[in-house]
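Given next are the chains, with one letter for each unit.
4 protein chains.
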Amino acid sequence: MYSFKNDYSEGAHPRILNALIESNFEQEEGYGEDRYTRKAIESIKNRIGRSDIDVHLLSGGTQTNMIAISAFLRPHEAAIAVSTGHILGHETGAIEATGHKILSVESSDGKITPFHLQAVLDSHPDEHMVKPKLVYISNSTEIGTIYKKNDLVQLREFCERHHLILFMDGARLGSALCSTENDLELSDLPALVDAFYIGGTKNGALLGEALVICRDSLKEDFRYHMKQKGALLAKGRLLGIQFLELFQDNLFFELATHSNRMAEMLKVEIHGANISFLTDSPTNQIFPILPNSVIAELEKKYGFHIWEKVDQDYSAIRLVTSWATKEEQVAAFIEDFKKIVDKRI
Amino acid sequence: MYSFKNDYSEGAHPRILNALIESNFEQEEGYGEDRYTRKAIESIKNRIGRSDIDVHLLSGGTQTNMIAISAFLRPHEAAIAVSTGHILGHETGAIEATGHKILSVESSDGKITPFHLQAVLDSHPDEHMVKPKLVYISNSTEIGTIYKKNDLVQLREFCERHHLILFMDGARLGSALCSTENDLELSDLPALVDAFYIGGTKNGALLGEALVICRDSLKEDFRYHMKQKGALLAKGRLLGIQFLELFQDNLFFELATHSNRMAEMLKVEIHGANISFLTDSPTNQIFPILPNSVIAELEKKYGFHIWEKVDQDYSAIRLVTSWATKEEQVAAFIEDFKKIVDKRI
Amino acid sequence: MYSFKNDYSEGAHPRILNALIESNFEQEEGYGEDRYTRKAIESIKNRIGRSDIDVHLLSGGTQTNMIAISAFLRPHEAAIAVSTGHILGHETGAIEATGHKILSVESSDGKITPFHLQAVLDSHPDEHMVKPKLVYISNSTEIGTIYKKNDLVQLREFCERHHLILFMDGARLGSALCSTENDLELSDLPALVDAFYIGGTKNGALLGEALVICRDSLKEDFRYHMKQKGALLAKGRLLGIQFLELFQDNLFFELATHSNRMAEMLKVEIHGANISFLTDSPTNQIFPILPNSVIAELEKKYGFHIWEKVDQDYSAIRLVTSWATKEEQVAAFIEDFKKIVDKRI
Amino acid sequence: MYSFKNDYSEGAHPRILNALIESNFEQEEGYGEDRYTRKAIESIKNRIGRSDIDVHLLSGGTQTNMIAISAFLRPHEAAIAVSTGHILGHETGAIEATGHKILSVESSDGKITPFHLQAVLDSHPDEHMVKPKLVYISNSTEIGTIYKKNDLVQLREFCERHHLILFMDGARLGSALCSTENDLELSDLPALVDAFYIGGTKNGALLGEALVICRDSLKEDFRYHMKQKGALLAKGRLLGIQFLELFQDNLFFELATHSNRMAEMLKVEIHGANISFLTDSPTNQIFPILPNSVIAELEKKYGFHIWEKVDQDYSAIRLVTSWATKEEQVAAFIEDFKKIVDKRI
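Chains as they are written, first to last, in our numbering: chain A, 1 to 345; chain B, 1 to 345; chain C, 1 to 345; chain D, 1 to 345.
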């Protein structure tokens, strides 16, 4: 049984494990003040091309969202997210547990636009309601779509005008930036968003997200928030060593490119079988809409999530590829898929 | 410069890194539902000799304290801790950030007794004050002392009579249980405390604490709390693999025994030089009281914390050993120490 | 300018002010332990016909919702409310500020049914999402509708089966219970809901809500929660004296009946002018849909809220009556209204 | 049985009740936007002599402390209070429930000095501890002492230098300012503290504290915090009418002066009987140290709190006077007191 369930089924890229072994007996400072973490942060800053940003290494997406958002907001301020946003339905109320409401907007492609934001502002005029303050977006989104440069320019302009914080969840930022449809550079982001993170967990690391804070007023005392929420690892080196390995050369981008290429292979062949997709995803998550009978056959050999029921007979499934997805497994899936579909017709 | 600053200066025990490599390309479920985590939990249950306990793997001590205590308490209930307790002064208000006051008691040996608890109960009679509910103890304590079986029996009896929850921070539980003065077994704990954890981070793992919930009423829905506070790692296997390695045989105890032996070597020799200690520690942290001039000399070759000023001329330093402390380094330190002390006289 | 904006535009019923004056120089215990509060609670229990309930007097609706809901829930548990529910959009995230998400359901008549609840349970299967636990309903609802006995019986049955807490916001409970369409008695409620409150602020008091906790497991230590959230008034007598006055005879019900009668007068006449209503409200809030030009004319002499735009030319307004609404003012409004409508045709 | 237990045993000053009656049927806006609240705020600003301050009316001391402190602090920041401070031991962890630790300092006269603050700063150097940020003082203090102008000048200077917020709990500010030993004017406060409140509950009102925010950066959006924590009363007029009555002329100060005079009468006579006091209080709370046998006799006719045991035979009691304390009752107490003391000798 081969799994396309998610992009965190395997361990870490071998170079990362190697780096852990090589550094293992060096004595380092704790809590992220070790030399590896410092070098990793330098590498990330260099890659982004900015020295006036703060970088912090955290363990996972929920942790990063929770700490960043609660650090950035005052008690009466709220976040805005698309209804499919990870913080809204997949993080057990982590944001609310820090005291903040999330205002939900509907968007068929998983992306937020100034149009959505204006509607939220219009319906929250006074102190009887929360004050909308932070815009949470994901790139790539939960349904595999990506923000183009112009999308962000428009959001940015709106957020500045209305004193909103623009925060990008980048748990799958690698896949977004390495998409064939992408027109953004990592170095574009500091001018476009106030903070974002670079997901390591879903792109080759054992665990780790690198949070980048671009806006000066959000930087102060951030390590206090990390410590308070349990995110300062005693052996912070574990995160530093991994991100250094990912960013000292092109490894991070190579892994994401591979992951996307595997998804593209699947997409092309499935599309070729006259199958439509729930969303137009150019990243490592694709959502083909299949007859339930085909799904039942596929499930005998492959692991994946059934994403949503489309009608009586059809459902969308989610296939996820990763840095670790083997090309021969993709080929095998395609072969099996074709057989099942052919038989059906 | 060799460091005795803490027990998390190095990486992980080589067997753990090996286990990570061997399992690296196996596909596993995420969020702690993988086979390694399940096996690790089984191993821990077996070692404790109880099947009616719940075990959860988390990343670090602050995270574990915060999640357990906030899950166990209702909003108006408070924790009680000794004034040197880690949750009181070294976790950036993590417990208070979840809404709970910590009531502090003074104790010269870092341990809480029924006497302390009675005083807290007496001074908190009604709803104008918080309701004391959870007793937080550490074993070993922040100053290296340990709870003997009888200490816990008495605390247990008091807590039961007064409906208090007894929670043991075991970030250094290995060192406590492997101390030559210890009379507790891991298997004694479920009958004595309501919940405790087994620290991996400071005993050979890259990161990881195994929380054991013994009291039934505290078990329900615990994974919700972990997820909400950012503690469910996508690649939960990382924790499972490590604890399986530590507990499938005696590795966990062997590492703690080594660590204690290194501290004992230091203690014997320092004591032999007519040096007194701040606390009577039989574990891997010792606190010799040294002339400031000796400390200044030692600092040229060794890393350690100056714990507290004792008088104008003397200070207590903290020396910490670990699973990774090399016997030859301890010998070298002793030699240097003796030279410095001799020269001084 | 006469206002139909809300039911808290005036002060208190004269009997209440009188009672404050008469008792003014008696010395009483503070924080709700005075004789008036005790008698008020007895009167309420007698009226409900149950001695096994707990009654607490609080200052306002938001305060009561916030304290009750946060006291009843554990950190990972969520409330469910209809999208128009007061806690969702009109309390500045008070519930979220205590750490709890509110899950929203859509309902055209402002009421929740087991159908809505089942859908919420179905979409919240595991620990990656909050655990739905408390059902928040209002009677009367934000749009003036009421729960019939059978509605509550069905909700009750569902909640029991699924271990959900059923909590009724009764800020306008008087108006609901005194509606001509109502078939509930105050004494029915303990068997139907786990907790509810009886609104005084909107029915003749200066301020005050009487929270009734019916389910035993929710009663413990409730005064701690009140104190912690700033709701124990030093001069708790202020609440006790008012509720005693409202419940030692029929004053509470007489005031609500008057309020409903005033709304009914308005409704009959507006309906007679061939005007339709946004909701079918038998209580003290009605929502006629009027041409914008009529609204503009009415606004010259009367205060009211424009509730929502219905189309280009029509909007629904909200007219609210209260214990203090004068019959002659209602008559004057009707006369003016007819003139404006006639002129228009 | 006449009570000297506290200063909130009676209702309100008759002029306040009168004002409630006179305004009762006027229709007013809700939630503190009524004309009375606006006028009350103007009166307070005039009395302070500053137009650049914000004034908000809230219901009680715990509520005001909780809302102000949680609004002023970021999540990792802590308050500092003297160990006898009301927020530390008498508010059921209200501050901690909003997420903030309170750091305690010891002070025999109930007052904080720069010396205490420096020690707190010194022991909180980094992100492993909370960041001390707000200094909470009470005037008068919990033990009846007052801050002199020079005390505040020194605190102010220290706080400015170290970027600390200075917040004054003024639940008994009237008594402090009307003390014969006081050298502060209400109009001095904006230059000395960042925020303070003027207690109405303990000085003639049914309920009410007027919070004054002096520092610009603390003013923004404060009404959001009030609403979120349940402090915006629907009939906000109730607070406005009372504070207008207290501040449109000298009523507030006359009531406090009377209260102090009653305490002074008690103090002089008790002192004349060679009795010493626990604290040197020039305000409406005094703490004579009496033989337990005397206390037992007094308790037969008078209500008061036993504050603390001094030794085997002696205890300090607390006698509190108020605006409503009758001179003849004070005289009666003195007479009884003398008889008991005489008999004993």
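Take the hints with a grain of salt, since some may be wrong.
Identical copies carry no separate label here, and so any pair may be met within one copy or between two of them.
[Said to hold, decoys possible] Here are the simulated lysine-lysine pairs, BS3-like style, with alpha carbons at most 27 Å apart:
| # | residue 1 | residue 2 |
| --- | --- | --- |
| 1 | Lys343 | Lys131 |
| 2 | Lys309 | Lys219 |
| 3 | Lys301 | Lys148 |
| 4 | Lys309 | Lys39 |
| 5 | Lys301 | Lys39 |
| 6 | Lys5 | Lys39 |
| 7 | Lys131 | Lys300 |
| 8 | Lys131 | Lys309 |
| 9 | Lys219 | Lys133 |
| 10 | Lys5 | Lys300 |
| 11 | Lys5 | Lys219 |
| 12 | Lys131 | Lys5 |
| 13 | Lys131 | Lys219 |
| 14 | Lys111 | Lys149 |
| 15 | Lys39 | Lys149 |
Just so you know, the hints here were simulated from the structure itself, not pulled from any lab data.
Copy assignment of lysine 309 with lysine 219, given that the CA separation must stay at most 27 Å: For lysine 309 and lysine 219, neither the intra-copy (43 Å) nor the inter-copy (34 Å) Cα distance is at most 27 Å.
Homomeric proximity label, lysine 343 with lysine 131: Cα distance no greater than 27 Å: neither (56 Å within a copy, 43 Å between copies)
Same-copy or cross-copy closeness of lysine 219 to lysine 133 [CA-CA at most 27 Å]: both (17 Å within a copy, 17 Å between copies)
Within, between, both or neither, where lysine 131 and lysine 219 count as close if Cα-Cα is 27 Å or less: both (21 Å within a copy, 15 Å between copies)
Identical-chain pair category, lysine 131 with lysine 300, by Cα at 27 Å: Answer is neither; intra-copy 49 Å and inter-copy 32 Å both fail.
Intra- versus inter-subunit Cα pairing at 27 Å for lysine 5 with lysine 300: within (14 Å within a copy, 54 Å between copies)
27 Å Cα threshold - placement of lysine 149 relative to lysine 39: neither (29 Å within a copy, 47 Å between copies)
Alpha-carbon proximity between lysine 131 and lysine 309, which holds within one copy, between copies, both or neither at 27 Å: Classified as between; 23 Å across copies, 35 Å inside a copy.
Status of lysine 39 relative to lysine 5 across identical chains (alpha carbons, at most 27 Å): Close across copies (22 Å), not inside one copy (34 Å); limit 27 Å.
Within, between, both or neither, where lysine 111 and lysine 149 count as close if Cα-Cα is 27 Å or less: within (13 Å within a copy, 44 Å between copies)
Up to 27 Å CA-CA - lysine 39 versus lysine 301, copy category: between (43 Å within a copy, 25 Å between copies)
Lysine 301 and lysine 148: within-copy, between-copy, both or neither at 27 Å Cα: neither (36 Å within a copy, 53 Å between copies)
Checked against the numbered hints given earlier, this structure breaks hints 1, 2, 3, 4, 7, 11, 15; the rest are met.
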